[in-house]
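Q: Protein chains in written order, with the working numbering: chain A, 159 to 485; chain B, 4 to 664.
Hints in this document: simulated from the structure, not taken from any laboratory. Incorrect hints may have been included.
[Said to hold, decoys possible] Below are the DMTMM-like pairs computed for lysine to aspartate or glutamate, each with C-alpha atoms no more than 25 Å apart in a straight line:
id, chain 1, residue 1, chain 2, residue 2
1, B, Lys236, B, Glu306
2, B, Lys187, B, Glu429
3, A, Lys384, B, Glu607
4, A, Lys384, B, Asp608
5, A, Lys463, B, Asp608
6, B, Lys325, B, Glu596
7, A, Lys384, B, Asp320
8, B, Lys325, A, Glu468
9, A, Lys470, B, Glu596
10, A, Lys470, B, Asp608
11, A, Lys227, B, Glu596
12, A, Lys227, B, Glu607
13, A, Lys228, B, Glu586
14, B, Lys187, B, Glu219
15, A, Lys228, B, Asp608
16, A, Lys470, B, Glu219
17, B, Lys298, B, Glu321
18, A, Lys470, B, Glu221
19, B, Lys609, A, Glu461
20, B, Lys572, B, Glu321
21, A, Lys470, B, Asp320
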Amino acid sequence: MRRIRDMMRSRAGELLREGTVNRVLGWKNGEFYYDPNPAVFETEESLDGLVYNGFSAAMLSKYLIDATKKEGRILVFLKPCDTYSFNHLLREHKVNRENTYVIGVGCDGMLDIEKLRTLGVKGIKSLDENGDDLVAHTLYGDKTLARRDILLEKCLSCKGSEHKVYDELAVVDDPWQWDTLDRFAKVGELEGMTPDERFAFWRGELSRCIRCNACRNACPVCSCLKCVFDNPRSGVQAKSNADSFEENMFHIIRAFHVAGRCTDCGECSRVCPQNIPLHLLNRKFIKDINAFYGEYQAGADVEGKSPLTEYKTGDVEPSVVYERGGA
Amino acid sequence: MQKIGVFICWCGSNIAATVDVEAVAEAVKTEPNVVFSTNYQYMCSEGGQSAIRNAIAEHGLTGIVVCACSPRMHEATFRKAAAVAGLNPYMVEIANIREQCSWIHKEKSEGTEKAIILARAAVAKLNRNVPLFAGESPVIKRALVIGGGIAGIQTALDVADAGYEVDIVEKTPTIGGKMAMLDKTFPTLDCAACILTPKMVDASAHEKINLYTYSEVESVSGFVGNFTVNIRKRARAVNSDLCTGCGVCVEKCPSKSAKSEFNQGLCNRSAIYIPFAQAIPNVPVIDRDACIKFKTGKCGICEKVCTAKAIDYDQEDEIITKQYGAVVLATGFKPISMERYDEFQYAQCPDVITSLEFERICNAAGPTKGKVLRPSDHEPPKTVVFVQCVGSRATVDCGKTYCSKICCMYTAKHAMLLREKYPDTEAYVFYIDVRTPGKSFDEFYRRAVEEYGVHYIKGMVGKVAEEDGHLIVQGSDLIADKQVVIKADMVVLAAAIEPDPTARSLGTMFTASMDTNDFFTEAHPKLRPVESPTAGIFLSGLCQGPKDIPDTVAQAGAAASKVIGLLSKDKLMGNPCVAGCSEPLCNGCSSCELVCPYGAITYEDKMVIDHGVRETRRVACVNEAVCQGCGACTVTCPSGAMDLKGFTNLQIMAEVDAICR
Numbered sequence: 159m160r161r162i163r164d165m166m167r168s169r170a171g172e173l174l175r176e177g178t179v180n181r182v183l184g185w186k187n188g189e190f191y192y193d194p195n196p197a198v199f200e201t202e203e204s205l206d207g208l209v210y211n212g213f214s215a216a217m218l219s220k221y222l223i224d225a226t227k228k229e230g231r232i233l234v235f236l237k238p239c240d241t242y243s244f245n246h247l248l249r250e251h252k253v254n255r256e257n258t259y260v261i262g263v264g265c266d267g268m269l270d271i272e273k274l275r276t277l278g279v280k281g282i283k284s285l286d287e288n289g290d291d292l293v294a295h296t297l298y299g300d301k302t303l304a305r306r307d308i309l310l311e312k313c314l315s316c317k318g319s320e321h322k323v324y325d326e327l328a329v330v331d332d333p334w335q336w337d338t339l340d341r342f343a344k345v346g347e348l349e350g351m352t353p354d355e356r357f358a359f360w361r362g363e364l365s366r367c368i369r370c371n372a373c374r375n376a377c378p379v380c381s382c383l384k385c386v387f388d389n390p391r392s393g394v395q396a397k398s399n400a401d402s403f404e405e406n407m408f409h410i411i412r413a414f415h416v417a418g419r420c421t422d423c424g425e426c427s428r429v430c431p432q433n434i435p436l437h438l439l440n441r442k443f444i445k446d447i448n449a450f451y452g453e454y455q456a457g458a459d460v461e462g463k464s465p466l467t468e469y470k471t472g473d474v475e476p477s478v479v480y481e482r483g484g485a
Numbered sequence: 004m005q006k007i008g009v010f011i012c013w014c015g016s017n018i019a020a021t022v023d024v025e026a027v028a029e030a031v032k033t034e035p036n037v038v039f040s041t042n043y044q045y046m047c048s049e050g051g052q053s054a055i056r057n058a059i060a061e062h063g064l065t066g067i068v069v070c071a072c073s074p075r076m077h078e079a080t081f082r083k084a085a086a087v088a089g090l091n092p093y094m095v096e097i098a099n100i101r102e103q104c105s106w107i108h109k110e111k112s113e114g115t116e117k118a119i120i121l122a123r124a125a126v127a128k129l130n131r132n133v134p135l136f137a138g139e140s141p142v143i144k145r146a147l148v149i150g151g152g153i154a155g156i157q158t159a160l161d162v163a164d165a166g167y168e169v170d171i172v173e174k175t176p177t178i179g180g181k182m183a184m185l186d187k188t189f190p191t192l193d194c195a196a197c198i199l200t201p202k203m204v205d206a207s208a209h210e211k212i213n214l215y216t217y218s219e220v221e222s223v224s225g226f227v228g229n230f231t232v233n234i235r236k237r238a239r240a241v242n243s244d245l246c247t248g249c250g251v252c253v254e255k256c257p258s259k260s261a262k263s264e265f266n267q268g269l270c271n272r273s274a275i276y277i278p279f280a281q282a283i284p285n286v287p288v289i290d291r292d293a294c295i296k297f298k299t300g301k302c303g304i305c306e307k308v309c310t311a312k313a314i315d316y317d318q319e320d321e322i323i324t325k326q327y328g329a330v331v332l333a334t335g336f337k338p339i340s341m342e343r344y345d346e347f348q349y350a351q352c353p354d355v356i357t358s359l360e361f362e363r364i365c366n367a368a369g370p371t372k373g374k375v376l377r378p379s380d381h382e383p384p385k386t387v388v389f390v391q392c393v394g395s396r397a398t399v400d401c402g403k404t405y406c407s408k409i410c411c412m413y414t415a416k417h418a419m420l421l422r423e424k425y426p427d428t429e430a431y432v433f434y435i436d437v438r439t440p441g442k443s444f445d446e447f448y449r450r451a452v453e454e455y456g457v458h459y460i461k462g463m464v465g466k467v468a469e470e471d472g473h474l475i476v477q478g479s480d481l482i483a484d485k486q487v488v489i490k491a492d493m494v495v496l497a498a499a500i501e502p503d504p505t506a507r508s509l510g511t512m513f514t515a516s517m518d519t520n521d522f523f524t525e526a527h528p529k530l531r532p533v534e535s536p537t538a539g540i541f542l543s544g545l546c547q548g549p550k551d552i553p554d555t556v557a558q559a560g561a562a563a564s565k566v567i568g569l570l571s572k573d574k575l576m577g578n579p580c581v582a583g584c585s586e587p588l589c590n591g592c593s594s595c596e597l598v599c600p601y602g603a604i605t606y607e608d609k610m611v612i613d614h615g616v617r618e619t620r621r622v623a624c625v626n627e628a629v630c631q632g633c634g635a636c637t638v639t640c641p642s643g644a645m646d647l648k649g650f651t652n653l654q655i656m657a658e659v660d661a662i663c664r
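With the rest of the complex left out, here is chain A:
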């Protein structure tokens, strides 16, 4: 990762210097080593603060909505999975491609701080990352870890190392590769439950929601200028809850709103401070869409129709609900 970071710093510096770009969107150190923040760099000197490590999970695509409205061109670093969301934003005309310069950066999979904590790793000062081998320098001494044990949920079912869109690449020739898991395994498990069990599962998960809106803010698809939940005409804006279930509806409605558009970037679950597995709702939609309309990956390309906004004469009939044993 360090090799890639050095490439990023030097190319960004060159591009700023020669005037190809006016700004650079990357990550800078946060309060702790494990929380690098998205940041805009405007000068070559400031690029010394550009960081890229196993904790640079935050997707930068969505920041381009506002960033590309400004005069001039912005350089953005996108990991392979981030390019899907970037494509989706292009498809919905949210991002100005002409004002963007995309450097696709290689990725060894991002780390889950919660998993590190569970392993008893605390007080991280820095990491030495070398493929699967990882040494955490902490306040309490060095710890040797296997990267595959501490990957983020979304990285366990990585979409692959291919960048779907880029102007140039900053990758290494010999990237670390890891075995990915079936992303629908947990969905299948939930489908196997009785309706009552499933309801209880989701009530248990969603009842923890504090409505901080982090999922909505991080989601590259939730990019409405004004969310329906904030729309005074919807009649639900700033409304107090009638019962404890109403809060749950927020996530169910949000899942419907992003259905057919969700790129499965996993940011919703990653940013949730309550660790609600929100991505499972979206993956259920993706699994069904794949079954009914053929394999579809939102953001794989910019053009072309998406299954839920297209009619085809062979489309699945509503009776499929009964065929699948629903009521």
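Let chain A serve as the given structure and place chain B on it in line with the hints.
A: Chain B only, in chain A's frame:
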């Protein structure tokens, strides 16, 4: 502040028997802004309508709720009545307390409770109604008929005779359809070709009719009065303008192993072929799967022998885009597949055939030149067993639950023709019931039994087995209450008929609804039998349900008269219940544009002022003349910027809230 009147209809005893109309009228009085409520025996009668008009004047009503039958029955009636009294017609709401309430409840208490809830929902919606005003749209004075069988031909002729242009799109290389395959027609036994071919010629010669054969509808957009249709004219590989129809190419073609579709696969045809002698247009088509030139690049004999230089191997499909005011679906039928009926040995024994195959065998232009011969050994059969209701009125999965309607009559015809030509051949007919409700139909059937000595056996055939060159038919005779075994030489299966498989995709394309059997549904089963529920789409012939030739021709004429009624108008009143975009909320994401089936939404860059911020944004714009108010955009829009006039999200939520109160 609204002033709402509520009118509850008894519909004779239709509603009043299961709904306490007095109680409903009393209950709605306390609803917000309701100033008047009453009940009446027949709201749709002149007396009921005048009660509405008087109440509007007397109480200064700003909107009315009529609790009565489905809005599909009388919404227009009550809107007109309200308009006469000076109300905007869109300030009328219907609460359906008949189809959705009184007819489905037995307990009066339940019916009454539900009627009150439905009335409350309608009041809640009406409280959020605003007057709406309809625009106008022009009518394109041309009709499209899909399907070139007798139904399509007759509709086209009738519409064209009224002076309007008609295009027929037929997927096979010729018009004529299934009727062209028939030998004789019941109950008069006149020759099908003799009565059909003059109509085919009339259609092709008519200056107002344009034929697109070997063509299919590719896609459609637009709405009543203004459809835009893309027609794929498939490449014949023969230039129709140059071809003289001499037939030398067909004769000289060395590839003669393709099955003749027209003769039901009973004989072969060449790779370049004209389906039958009277085909229209009389232009051959090259079957690319069978043609040696297309398969191997060698041959080219047809090109060499064609003196008109009409053969064109490089010809490509052509897409023709045309506009139409009305569309007639006349897609016809096909017999169901007999492959799954193992008990009749259809797939195993060549001498077990379908009725349509028998029709070709009887025909002078058929594979046996009209001699009834067994397909297996070309010997004349001595005993023929006809089995009716194969797949019709079925209770098993591979059949159809409905009666195919035509089989009783054509089986009687077949048996009669057989006995007429070969008096020493015995004919047996197995039947469940013989159904002959038509002019001169029962007389026809009795002639078969009484004059021609056809043996009718009430009962079904359980098994057909081949034995020593004969077919052993085992069946039951329900009247004699015994098993019968007949040693037959040929078995003819009266296969059930089903809609042509292309109907389903066309139904989806034109949003013409279908029933569970894929027959197109009518706007009303009794009162609007030739119209689809989708405006501007009409139904002709068997695609709507099983029927014989006289019924088909009658219905084709009826469909034509509806088309003429539409095309004779210069302008249609539009529907004011169209979508609209709230620009400050619009994201410019294009979801609505992609989902709109009518192409009514475009995007423009507009200056938007949002809480003091002025910026140019990409926002959706609805073309109100094109929008049909389907609402797909409103449910697709993630931010709720799209809303449907007359059915706004707030109105619908108000209804839901009122129901859940």
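Q: Work down the list of hints and note, for each, if the structure agrees.
A: Each hint tested on the structure:
no., hint, verdict
1, Lys236(B) <-> Glu306(B), "holds, 21 Å"
2, Lys187(B) <-> Glu429(B), "holds, 20 Å"
3, Lys384(A) <-> Glu607(B), "holds, 19 Å"
4, Lys384(A) <-> Asp608(B), "holds, 18 Å"
5, Lys463(A) <-> Asp608(B), "holds, 22 Å"
6, Lys325(B) <-> Glu596(B), "holds, 23 Å"
7, Lys384(A) <-> Asp320(B), "violated, 48 Å"
8, Lys325(B) <-> Glu468(A), "holds, 23 Å"
9, Lys470(A) <-> Glu596(B), "holds, 16 Å"
10, Lys470(A) <-> Asp608(B), "violated, 30 Å"
11, Lys227(A) <-> Glu596(B), "holds, 23 Å"
12, Lys227(A) <-> Glu607(B), "holds, 17 Å"
13, Lys228(A) <-> Glu586(B), "holds, 22 Å"
14, Lys187(B) <-> Glu219(B), "violated, 30 Å"
15, Lys228(A) <-> Asp608(B), "holds, 17 Å"
16, Lys470(A) <-> Glu219(B), "holds, 16 Å"
17, Lys298(B) <-> Glu321(B), "holds, 22 Å"
18, Lys470(A) <-> Glu221(B), "holds, 12 Å"
19, Lys609(B) <-> Glu461(A), "holds, 24 Å"
20, Lys572(B) <-> Glu321(B), "violated, 32 Å"
21, Lys470(A) <-> Asp320(B), "holds, 21 Å"
In this structure, the earlier hints numbered 7, 10, 14 and 20 are contradicted, and the remaining ones agree with it.
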